[in-house]
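The listed protein sequences derive, respectively, from chains A and B.
Numbering follows our numbering, with no gaps: position 170 of the first sequence is 170.
Numbering follows our numbering, with no gaps: position 8 of the second sequence is 8.
Please keep in mind that the hints were generated in silico from the structure rather than gathered at the bench.
Be a bit skeptical, because a hint or two may be false.
Stated by the list, open to error - Result set (EDC-like, lysine to aspartate or glutamate): computed pairs, CA atoms no more than 20 Å apart in a straight line:
# : chain 1 : residue 1 : chain 2 : residue 2
1 : B       : K23       : A       : E222
2 : A       : K112      : A       : D122
3 : A       : K112      : A       : D43
4 : B       : K23       : B       : E34
5 : B       : K23       : A       : D122
6 : A       : K112      : A       : D12
As the list claims (entries may be wrong) - Which stretches of chain A does chain B cover? Using the computed rule of at least three CB atoms under 8 Å from a CB of chain B, they are:
# : region
7 : 41–55
8 : 106–119
Stated by the list, open to error - Derived CB-CB ranges, DEER-like:
#  : chain 1 : residue 1 : chain 2 : residue 2 : range
9  : A       : A193      : B       : S35       : 51 to 61 Å
10 : B       : R27       : A       : L181      : 38 to 48 Å
11 : A       : G237      : B       : L9        : 49 to 59 Å
12 : B       : R27       : A       : Q229      : 18 to 28 Å
13 : A       : K112      : B       : G13       : 36 to 46 Å
Small disclaimer: the values here were computed from a predicted structure and weren't measured.
Beta carbons: idealized from backbone N, C-alpha and C, even for Gly.
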Amino acid sequence: VKGDRVLDTGSDRRRAAARRAAGALAALLVAAWALAVVRAPIDATQGVIQKILYVHPACAFAAYLGFALTAMGGALYLWRGHEAYDRLALAAAEVGVLFCTLVILTGPIWGKGTWGHWWTWDPRLIVTLVLWFIYVAYALLRSFTEGDERAARFAAVYGIVGLAAVPLNYVAIDLFGDRALHPENLGRGSLGAGMGWPFALGVAAALATFLYLLLLRLELGELRARLLQRLQAGRDGAAADA
Amino acid sequence: MSYVLAAYLLVLGSVAGYWLQRKREIRRLRRALESPSGANRG
Numbered sequence: 001v002k003g004d005r006v007l008d009t010g011s012d013r014r015r016a017a018a019r020r021a022a023g024a025l026a027a028l029l030v031a032a033w034a035l036a037v038v039r040a041p042i043d044a045t046q047g048v049i050q051k052i053l054y055v056h057p058a059c060a061f062a063a064y065l066g067f068a069l070t071a072m073g074g075a076l077y078l079w080r081g082h083e084a085y086d087r088l089a090l091a092a093a094e095v096g097v098l099f100c101t102l103v104i105l106t107g108p109i110w111g112k113g114t115w116g117h118w119w120t121w122d123p124r125l126i127v128t129l130v131l132w133f134i135y136v137a138y139a140l141l142r143s144f145t146e147g148d149e150r151a152a153r154f155a156a157v158y159g160i161v162g163l164a165a166v167p168l169n170y171v172a173i174d175l176f177g178d179r180a181l182h183p184e185n186l187g188r189g190s191l192g193a194g195m196g197w198p199f200a201l202g203v204a205a206a207l208a209t210f211l212y213l214l215l216l217r218l219e220l221g222e223l224r225a226r227l228l229q230r231l232q233a234g235r236d237g238a239a240a241d242a
Numbered sequence: 001m002s003y004v005l006a007a008y009l010l011v012l013g014s015v016a017g018y019w020l021q022r023k024r025e026i027r028r029l030r031r032a033l034e035s036p037s038g039a040n041r042g
């Protein structure tokens, strides 16, 4: 198959346009968010370190979205059997793990500045770590078993079951009440004056960046699948000639 | 202040690193697919 026919189909062009639009939106939101963070007021209690608030939960929301899409892609793959759904599940898990890693790294920096230590065995921190391990294991499983249909089906079930850790992660603080050290989930009116916009822009920028990286990762998955297909066709042709 | 800078640089750097790595991989795969014998180099 000629390269231009392989790489320049109508759907490829539409996908590339969607990816570029998501990239432009993400860049715009990141710029607005950076400006809003710089201009945000300094918290009277915590001081400047409180500004980590504008990035830490935003990364958590992007990770949650990634893991929800992993479960959705897995469920659709089990139902319909299309490889595209499996690729969506894998791409969402990988980008979700990136954001979950950032949650696990930014949290201790905030903790060191406010609690005085990098880590504590708080329920929210433990469940976040478990969540991270669940999806790192998912990504590792997929990297060791690329192209294996049975592994894809197993991973789909695993991704659906693993999603249970997301709501558990969110409510972990409420479940353990006073024993939880991590601040409670944000509610209406819990942010000080001038802190709402940088927070909202942080969430929007993280979600737009997530979307852009997801589309990029989907393109990579599609190209890998085409290459595998070509390799397989080449092997089949060589076997037929022999 | 240094903790805040560290957190933001970590986030921006990690996202940029992931983006660059994936873009590079996409370019490599595209090159492999564009060449008639490219499948062997993929």
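Do the hints match the structure? See the list:
no., hint, result
1, B:K23 <-> A:E222, "holds, 14 Å"
2, A:K112 <-> A:D122, "holds, 14 Å"
3, A:K112 <-> A:D43, "holds, 17 Å"
4, B:K23 <-> B:E34, "holds, 16 Å"
5, B:K23 <-> A:D122, "violated, 38 Å"
6, A:K112 <-> A:D12, "violated, 46 Å"
7, 41–55, "holds (count 5)"
8, 106–119, "holds (count 5)"
9, A:A193 <-> B:S35: 51 to 61 Å, "holds, 60 Å"
10, B:R27 <-> A:L181: 38 to 48 Å, "holds, 46 Å"
11, A:G237 <-> B:L9: 49 to 59 Å, "holds, 51 Å"
12, B:R27 <-> A:Q229: 18 to 28 Å, "holds, 19 Å"
13, A:K112 <-> B:G13: 36 to 46 Å, "violated, 19 Å"
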